[in-house]
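There are 2 protein chains.
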Amino acid sequence: MELKNHPILKAARGEETDYTPVWIMRQAGRYSERYRKIREKAGSFMNLCRNPELAAEVTLIPIEEIGVDAAILFSDILVPVEKMGIKVEFVEGKGPVLTPPVRNFRDVEVLKVPDPKEDLSYVLETIRIIKERLVDRPLIGFSGAPFTLASYILEGGSSKNYIAAKSVMWNDKELWDSLMTKLSETVTEYLSAQIEAGADLVQIFDSWMGVLSREDYEKYAFPYTKRIVNELKKRHPETPIIHFGVNAQHLLEVNNRLRVDVIGLDWKTEIPFALERIDKSIQGNLDPVALFADERTIEEKVRKILKEGLKARGHIFNLGHGILPQTDPKKARFLVETVHRISRELRG
Amino acid sequence: MELKNHPILKAARGEETDYTPVWIMRQAGRYSERYRKIREKAGSFMNLCRNPELAAEVTLIPIEEIGVDAAILFSDILVPVEKMGIKVEFVEGKGPVLTPPVRNFRDVEVLKVPDPKEDLSYVLETIRIIKERLVDRPLIGFSGAPFTLASYILEGGSSKNYIAAKSVMWNDKELWDSLMTKLSETVTEYLSAQIEAGADLVQIFDSWMGVLSREDYEKYAFPYTKRIVNELKKRHPETPIIHFGVNAQHLLEVNNRLRVDVIGLDWKTEIPFALERIDKSIQGNLDPVALFADERTIEEKVRKILKEGLKARGHIFNLGHGILPQTDPKKARFLVETVHRISRELRG
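Protein sequences appear in the order of chains U and B.
Quick note, this note's numbering runs 212 ahead of the 1-based positions in the first sequence.
Quick note, this note's numbering runs 212 ahead of the 1-based positions in the second sequence.
Keep in mind the hints are simulated off the structure, nothing from the lab.
It is possible that some hints are incorrect.
If chains are identical, the list can't say which one is meant, so a pair holds when it fits in one copy or spans any two.
[What the hints assert, rightly or not] Straight-line distance between alpha carbons at most 30 angstroms, and here's what the computed DSBU-like set of lysine-lysine pairs gives: (1) K516 <-> K438; (2) K372 <-> K306; (3) K343 <-> K543; (4) K516 <-> K385; (5) K222 <-> K306; (6) K216 <-> K516; (7) K385 <-> K542; (8) K249 <-> K516; (9) K343 <-> K385; (10) K299 <-> K372; (11) K372 <-> K445; (12) K253 <-> K519; (13) K519 <-> K431; (14) K519 <-> K385; (15) K324 <-> K516.
Just so it is clear, the structure is predicted and the values come from calculations on it, not from any experiment.
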């Protein structure tokens, strides 16, 4: 099979497949013991991201361990942010801490749009190593979207309420625009370089867009994501783009105007509801906590999602958010097998 | 004006009002300096809840300080949980910690359904004191809903992913049912006693219901809330009930089947979207962070919400979630005045 005819790429393009392909957000992560050992060897999470050999190894673990249909580059959405000139540290139990805080126009002015070939060459090298070893399945590249990255930058880390980010957005529209513009350029170049290095499709994580009302999203976040997508489609028309965020049911109609191929749904978004609002392929959407349920419950939930997914233009199965660190890898493997088995049965 | 003709009660019943009434979730809270001083005097948050004189004083602060149209009892949704036999402590920076954890049938069996007149007499006394002092505006009583309370009990506190709660829900349906049944009885008796003590309307906070898929909500949470609402409507048919939770757009149609009078909307739920799905009065729904925006932005957002709210059976203005501790009280006061002014103009 030529790689371009792989079910994930076909589903993204809206072509028929024999079964529903599946991958899992954060599949190369903490729930795997092999991952934890390699991370320990690397010393820190960011060190692991910066080490192409180890990052490639980690990327490939879930292919073997749980049998997913695609690999996703092991990295973090803050990797390019660091290269803009912001220090990123991962503090145990607290998450990422970004310094210095961006407060005014001058703080944005000094931020750089990284040149991926120079500043992020280790990411591109990781992709090349993975592509040498992974011949039969696609590799997914990714980036955060401008709004989600701007939130981290303005809040100085994770946030519960996004007061700092929204305050700039509403009260200092020029500062907001200059930061978002710089982030759009950064994301465009970064994703473009990933595709050139070998990524077969890319996912844009606008994880936190759902904290915005539709009105604010349309005004302050959507235009920047749109700019990125349009530019990527111009440069790489053949490469499918997935767009994803949580608690974003109210943004479906807006996001359907993006020239992306796939829209990722969280587990609260009913598939029939989504299909009334979007005509893209869909990705999702099992509750990540469902992997703590017994196998019968998992099967029931998977069957329902697969059935509903048959009505979509194309369907890539996934969790509705990242897999949780406490998950038993056996359950993840069971999920993948169940998706393959039931979807073949339903399509057969 | 007779209290029963107060705009909040009229809006709840779907009758015409001259202006849109407004109150604010968590209005008697940390953003007020007077509140912080009284809390300090009380020693701890729970001590304050347990002291009728001080709790009444705190309840009445926002009436004077920001001019809201109703008071809401100062208390916490975990107050009745404590009287079920679970220790509740508020740990600075961590939130509530509940011990011992409920793990099996025996742990549920020993939980008591509190008799409000005996076990929660201080709450009823607080209500009586407030009602003596507050003659021209309604007092709102409240309780958590069974799902939200069960989450706290099973998780032992706040949770990010609800693994413990959902695991019991899916994997041990009998344990789940026995806990939820006990919680339903507790909430029914508690709200009923609040109404008898003088609460003019009540709000059921099912704050976290939005983490459930519609399917799971309908199966495992909704039936218990429905039971409470039906019993309350039987005992106190004249008392309006408000039902509220965040990220719950996918649950609107289901909740419209509750015999409640008002459905509270978070700021991500577009009002026109909600009105296609529910025929109750609505409450909401300004982004709490909008109070950090400049006055012009606040006004624009308020105007939009008020205009859309005119199409509802009735509209009580509120934030889409609790007011944040960092909020400037002047902005809260500005919000209330703006809601009154613009809604009179729109209705005039």
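Outcome of the hint check:
In this assembly of identical chains, K516 and K438 lie within 30 angstroms of each other by CA distance solely across copies; the values are 26 angstroms between and 32 angstroms within a copy. Proximity of K372 and K306 under a CA criterion of 30 angstroms is satisfied in both settings, with 12 angstroms inside one chain copy and 13 angstroms between copies. For a Cα distance limit of 30 angstroms, the shortest separation of K343 from K543 inside one copy, 27 angstroms, qualifies, whereas the shortest one across copies, 55 angstroms, does not. For a Cα distance limit of 30 angstroms, the shortest separation of K516 from K385 across copies, 20 angstroms, qualifies, whereas the shortest one inside one copy, 44 angstroms, does not.
In this assembly of identical chains, the alpha carbons of K222 and K306 never lie at most 30 angstroms apart, being 39 angstroms within a copy and 46 angstroms across copies at closest. Proximity of K216 and K516 under a CA criterion of 30 angstroms is satisfied intra-copy only: 28 angstroms inside one chain copy versus 48 angstroms between copies. When the C-alpha separation of K385 and K542 is checked against a cutoff of 30 angstroms, the pair qualifies only between copies, where the shortest distance is 23 angstroms, while the shortest distance within a copy is 49 angstroms. In this assembly of identical chains, the alpha carbons of K249 and K516 never lie at most 30 angstroms apart, being 36 angstroms within a copy and 54 angstroms across copies at closest.
Taking identical chains as interchangeable, the C-alpha atoms of K343 and K385 are never at most 30 angstroms apart, the minima being 42 angstroms within one chain and 46 angstroms between chains. Taking the shortest alpha-carbon separations for K299 and K372, both the intra-copy value of 21 angstroms and the inter-copy value of 27 angstroms come in at or below 30 angstroms. Taking the closest pair of Cα atoms, K372 and K445 never come within 30 angstroms of each other, the shortest separation being 34 angstroms inside a single copy and 36 angstroms across copies. Neither within a single protomer nor between protomers do K253 and K519 lie at most 30 angstroms apart by alpha-carbon distance, with minima of 43 angstroms and 59 angstroms respectively.
In this assembly of identical chains, the alpha carbons of K519 and K431 lie at most 30 angstroms apart only when taken from different copies (20 angstroms versus 36 angstroms within one copy). Taking the shortest alpha-carbon separations for K519 and K385, only the inter-copy value of 25 angstroms comes in at or below 30 angstroms, while the best intra-copy value is 45 angstroms. Proximity of K324 to K516 under the C-alpha cut-off of 30 angstroms is found in neither arrangement, the shortest distances being 47 angstroms within a copy and 38 angstroms between copies.
Of the numbered hints listed earlier, those contradicted by the structure are 5, 8, 9, 11, 12 and 15.
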